[in-house]
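Just so you know, the protein sequences line up as chains A and B, in that order. Every letter in the first sequence is one number past the one before it in full-length UniProt numbering, and letter 164, counting from 1, is 164. Every letter in the second sequence is one number past the one before it in full-length UniProt numbering, and letter 125, counting from 1, is 125.
Simulated from the structure, these hints should not be mistaken for laboratory data. Fair warning: this is a prediction, and the values are worked out from it, not measured in the lab. Careful: at least some of the hints might be erroneous.
If the Cβ cut is set under 8 Å, some of the chain B residues that face chain A in the computed set are [claimed, not checked]:
{"no.": "1", "residue": "G20"}
{"no.": "2", "residue": "L28"}
{"no.": "3", "residue": "K29"}
{"no.": "4", "residue": "D74"}
{"no.": "5", "residue": "T77"}
{"no.": "6", "residue": "Q201"}
{"no.": "7", "residue": "H317"}
{"no.": "8", "residue": "L448"}
Backbone N, C-alpha and C fix where the C-beta goes; we use that ideal spot for every residue, glycine too.
Number of protein chains: 2
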Amino acid sequence: MSKSPPEISVLTIAGSDSSGGAGIQADLKAIAAHGCYGTSAITALTSQNTIGVQGVHPTPPEFVAKQIHSILDDIETRAIKTGMLFDADTVRAVVDALKEHYAWSTIPPLVCDPVCVSTSGHSLLDLQAIQVLIDDLFPLATLITPNRPEAELLLSHRQLPGKIVNIEDMIGAAQNLLEFGSQAVLLKGGHVIASIQDIHQIIRTRNDVEIIPHNLLAENMEILQVDEVEDVAAECVVDVLCETGNIALLVRPRIDSMSTHGTGCTLSAAIASQLALGAELKEAVTKAVAYTHLGIQTAQVIGHGHGPLNHFHSLMHYSIPRQTRTNRHPFTRLLIQGNAREWKQYVEHDFVKLLGKGTLPQKAFVHFIVQDYHYLKYYARAYGLLAAKSTTFEAIGSATQTIINIIHEIGTHKSFCNSFGITNDVLEGTPEAPATTAYGAYVLDVGLQGDSTKLLMALLACLLGYGEVGLWLKKQSSLPNSWVILENNPYRQWMDDYAGENYQLAVKTGLELIEGRAIADPPSPLRFKEWKQVWDRCTILEIGFWDAAMAAA
Amino acid sequence: MSKSPPEISVLTIAGSDSSGGAGIQADLKAIAAHGCYGTSAITALTSQNTIGVQGVHPTPPEFVAKQIHSILDDIETRAIKTGMLFDADTVRAVVDALKEHYAWSTIPPLVCDPVCVSTSGHSLLDLQAIQVLIDDLFPLATLITPNRPEAELLLSHRQLPGKIVNIEDMIGAAQNLLEFGSQAVLLKGGHVIASIQDIHQIIRTRNDVEIIPHNLLAENMEILQVDEVEDVAAECVVDVLCETGNIALLVRPRIDSMSTHGTGCTLSAAIASQLALGAELKEAVTKAVAYTHLGIQTAQVIGHGHGPLNHFHSLMHYSIPRQTRTNRHPFTRLLIQGNAREWKQYVEHDFVKLLGKGTLPQKAFVHFIVQDYHYLKYYARAYGLLAAKSTTFEAIGSATQTIINIIHEIGTHKSFCNSFGITNDVLEGTPEAPATTAYGAYVLDVGLQGDSTKLLMALLACLLGYGEVGLWLKKQSSLPNSWVILENNPYRQWMDDYAGENYQLAVKTGLELIEGRAIADPPSPLRFKEWKQVWDRCTILEIGFWDAAMAAA
Numbered sequence: 001m002s003k004s005p006p007e008i009s010v011l012t013i014a015g016s017d018s019s020g021g022a023g024i025q026a027d028l029k030a031i032a033a034h035g036c037y038g039t040s041a042i043t044a045l046t047s048q049n050t051i052g053v054q055g056v057h058p059t060p061p062e063f064v065a066k067q068i069h070s071i072l073d074d075i076e077t078r079a080i081k082t083g084m085l086f087d088a089d090t091v092r093a094v095v096d097a098l099k100e101h102y103a104w105s106t107i108p109p110l111v112c113d114p115v116c117v118s119t120s121g122h123s124l125l126d127l128q129a130i131q132v133l134i135d136d137l138f139p140l141a142t143l144i145t146p147n148r149p150e151a152e153l154l155l156s157h158r159q160l161p162g163k164i165v166n167i168e169d170m171i172g173a174a175q176n177l178l179e180f181g182s183q184a185v186l187l188k189g190g191h192v193i194a195s196i197q198d199i200h201q202i203i204r205t206r207n208d209v210e211i212i213p214h215n216l217l218a219e220n221m222e223i224l225q226v227d228e229v230e231d232v233a234a235e236c237v238v239d240v241l242c243e244t245g246n247i248a249l250l251v252r253p254r255i256d257s258m259s260t261h262g263t264g265c266t267l268s269a270a271i272a273s274q275l276a277l278g279a280e281l282k283e284a285v286t287k288a289v290a291y292t293h294l295g296i297q298t299a300q301v302i303g304h305g306h307g308p309l310n311h312f313h314s315l316m317h318y319s320i321p322r323q324t325r326t327n328r329h330p331f332t333r334l335l336i337q338g339n340a341r342e343w344k345q346y347v348e349h350d351f352v353k354l355l356g357k358g359t360l361p362q363k364a365f366v367h368f369i370v371q372d373y374h375y376l377k378y379y380a381r382a383y384g385l386l387a388a389k390s391t392t393f394e395a396i397g398s399a400t401q402t403i404i405n406i407i408h409e410i411g412t413h414k415s416f417c418n419s420f421g422i423t424n425d426v427l428e429g430t431p432e433a434p435a436t437t438a439y440g441a442y443v444l445d446v447g448l449q450g451d452s453t454k455l456l457m458a459l460l461a462c463l464l465g466y467g468e469v470g471l472w473l474k475k476q477s478s479l480p481n482s483w484v485i486l487e488n489n490p491y492r493q494w495m496d497d498y499a500g501e502n503y504q505l506a507v508k509t510g511l512e513l514i515e516g517r518a519i520a521d522p523p524s525p526l527r528f529k530e531w532k533q534v535w536d537r538c539t540i541l542e543i544g545f546w547d548a549a550m551a552a553a
Numbered sequence: 001m002s003k004s005p006p007e008i009s010v011l012t013i014a015g016s017d018s019s020g021g022a023g024i025q026a027d028l029k030a031i032a033a034h035g036c037y038g039t040s041a042i043t044a045l046t047s048q049n050t051i052g053v054q055g056v057h058p059t060p061p062e063f064v065a066k067q068i069h070s071i072l073d074d075i076e077t078r079a080i081k082t083g084m085l086f087d088a089d090t091v092r093a094v095v096d097a098l099k100e101h102y103a104w105s106t107i108p109p110l111v112c113d114p115v116c117v118s119t120s121g122h123s124l125l126d127l128q129a130i131q132v133l134i135d136d137l138f139p140l141a142t143l144i145t146p147n148r149p150e151a152e153l154l155l156s157h158r159q160l161p162g163k164i165v166n167i168e169d170m171i172g173a174a175q176n177l178l179e180f181g182s183q184a185v186l187l188k189g190g191h192v193i194a195s196i197q198d199i200h201q202i203i204r205t206r207n208d209v210e211i212i213p214h215n216l217l218a219e220n221m222e223i224l225q226v227d228e229v230e231d232v233a234a235e236c237v238v239d240v241l242c243e244t245g246n247i248a249l250l251v252r253p254r255i256d257s258m259s260t261h262g263t264g265c266t267l268s269a270a271i272a273s274q275l276a277l278g279a280e281l282k283e284a285v286t287k288a289v290a291y292t293h294l295g296i297q298t299a300q301v302i303g304h305g306h307g308p309l310n311h312f313h314s315l316m317h318y319s320i321p322r323q324t325r326t327n328r329h330p331f332t333r334l335l336i337q338g339n340a341r342e343w344k345q346y347v348e349h350d351f352v353k354l355l356g357k358g359t360l361p362q363k364a365f366v367h368f369i370v371q372d373y374h375y376l377k378y379y380a381r382a383y384g385l386l387a388a389k390s391t392t393f394e395a396i397g398s399a400t401q402t403i404i405n406i407i408h409e410i411g412t413h414k415s416f417c418n419s420f421g422i423t424n425d426v427l428e429g430t431p432e433a434p435a436t437t438a439y440g441a442y443v444l445d446v447g448l449q450g451d452s453t454k455l456l457m458a459l460l461a462c463l464l465g466y467g468e469v470g471l472w473l474k475k476q477s478s479l480p481n482s483w484v485i486l487e488n489n490p491y492r493q494w495m496d497d498y499a500g501e502n503y504q505l506a507v508k509t510g511l512e513l514i515e516g517r518a519i520a521d522p523p524s525p526l527r528f529k530e531w532k533q534v535w536d537r538c539t540i541l542e543i544g545f546w547d548a549a550m551a552a553a
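Same shape as in the complex, but just chain A (with noise of 0.2 Å):
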């Protein structure tokens, strides 16, 4: 079984936003969204939807507290990330509570989100609270992401110019915000138009600025511009990462989209959970830049004001469950269920029945071992045709081994016509039947077709159906008075041949290689499909071919 890497978890102390677009239920699902774990502290409920606030019911900042004392208690932190603090006693709270919990230096990467400023621009936290959130919280932070508004009431806060319109002024601004004593500032420029000339002048007077585009072309991408829309890139949208040393400038497309609800909870939820992943910063600040940003594009409607952002774009469906102890086949079995009436008609075909009884007429079996023989050389060269595709000395042995096993197969094909006094040059001269054809040419045709997945889809058909079949006919033989006839039954050998030891461990194998195919690279639902159309084919052909046996009789 597959064991999945240990579960990261990522903590966020903020409100609870009703609609789920924003606060800590905008930051789970972007946590969610990354592979981490999110646990919640909540600090205030509020009753709100994509147009507006309806109210807000604060915590007690003693029940903030304890539920961060729940969580660190129990569950071993990587990130953290803090929201909407509601007031200063909250903010003390949180505080407290961390470093309660933390020795200074024990501390995980904490991403504080100083949300102080509605989108509408009022003032959501007061003054007394603003300063206990610079004075006590931001010297704990790794980084603080003020937008432009919130950048300039903070700096206001010590009397620093604040007044922030272009490019420029965010640097400095972001650098003075580095002096409030966090490790990192983003200040967010999503309220500051910038051009791609404004960029190149940025680029082109200052050497201390680096600048990392995400969704602008790039050198030598001349023909992706052939369908590219120029003027979306005309304005852009620009953040400010400021440590110290250190300026970079992320710099992408601006978009117009109502789907803007939760943004600063999101990218700092999708922040603390690269850090505790183990991104450096910047690279986790590129990585949720982009992650936020595609999640703005790809947002479908929800409500009729400001939606919420699609937080799971990264992510798609399997085709096929997971294995787990008590489903180690979940492929073959959703192969198998997906096409239950045929494979039982398969399985339990009237040639299998009688063949079981004893009874089945000599001349359908001599039918079918004789087009069985032709059957299988097609079946090798397929073996031969896998080896050709394949990319390893151990699944180029595998095939060729499969093909001298064939061989030794033949063997007793051959023996079993010449007990049935068929002799070698007959057996070799009998025209394939059309069904014989089908099969063979149609396992060659996927091969040709597709790759050594989609070919082992039809080799395993074969080999785990008559698998299926000898281990159906020797639970029947083991029932009371069952009517399968083991003595004197002169099909005796075959039966025990399929059911037998040898020929279930490559049943065993061929179960192995396919689940294990699956795992590696699972398909997408086109291409599951298509496997699916494979094994439903063989199916239909394998009982196509006891048709005709029976037909011959």
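For this one, chain A is given, so just place chain B on it according to the hints.
Then chain B, alone, in the frame of chain A:
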């Protein structure tokens, strides 16, 4: 751009679990895992972890109602679930809010998880609250999902026989609970011990009961036993789903696990999500049970007590970001960016630069054009192979048209060569350079080995590369004081051809083709790596091709 289906919203009305494994946090995770959008009205905050509950802070009932109104007023909701409702006033507030918002018949599917007994056996709701739950909420519900202790408690409220120790008891209890007014009852059997023999007994004695197995071996699956642990299936969990005139037992192997925190929340949220997606009740319950079961089985250890499920077992990460307005070629960008150094070496090769300056030795160009003639034979054959690997007449026709175009291009090559005094006989007779064979045979080998998409990677690396070279030269020539010489440049025609409309149209078609493949059949990380390897290899082989031409001068 691919359009996703419209977002399907599901509302949960429940408590908050700080540790993220139960309550609205589990619900939102489960809802998200089903591809739905989750909203939440919080009835109480809890301070808890995997070991226990350290504190509860109830929400005022009127604020619970306020949250519900904020959500329902704005966001179209396709299903609702209720979890822990704390007290009688809260239950009433929820019922009133739903009734205010919906006329009786228009209420969306409502799944009521009657959380009233904790795992440790403590009653979480007082008697009065349970009475309101029964009288006012159940009649609105599509489904109620009690576990055994909850069922016993509920039945005792109506003085009904309630002791549940076996499957027969469960069926009787579920039938009695159906009288409480919900449209259906799912009585969860996690607390009831049952064996496969008990199930067989039910099958023998009752013909009014449908059995829905999950992760148990069905008929004609004998081969899977090869590797399945027999004893795992010996003890089962059975849930009873009871609708009017319909009883179904959902049976699955019992699993030992500490990761069961929030199982009930998760199941009811999963059922609500399935109903929101349009599933019929029985299908919704069956799928939700399977989802939850797999969540327990694939859980990782979180915390020190009963940890949470893995809510996201059904999701995997995309290897390629989504296509957006500002990034119409995410796949090609990844390929170029992932290989930027070699790509630049190729596009800005000395051969290309000298060609642009018009100072490329004629001998180098002739070597190139003669070898390209030979290469194009491989290339045309590879498109023949692509036609053979195609499944639609459109794809077969498109590959064939490219062969016709190549044969036409060959005419230009011949004219070029003739103008340099090289006859057709000399052209045909010149031996292939190793670099030519390497590249040509590699493309054919990729085509033999993989599927049509992998072959396309090799074919398009060549197509797109020459398109980029053409555009790069054109861009350079348009710069002020360009080093590119157009007038009297003997290679002018070559440059114009590859920057020209016809060729760039082919580039555009090629881009759309591979981007479309990546969307229709999103590759697993392994498959993406294979595609990238082909792209990278082709870039290297292109560099080698020009190196050989330069070396010949």
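Cross-check of the supplied hints:
no., hint, result
1, G20, "holds, 4 Å"
2, L28, "holds, 6 Å"
3, K29, "holds, 6 Å"
4, D74, "holds, 4 Å"
5, T77, "violated, 11 Å"
6, Q201, "violated, 19 Å"
7, H317, "holds, 6 Å"
8, L448, "holds, 6 Å"
Checked against the numbered hints above, the structure breaks hints 5 and 6 and satisfies the rest.
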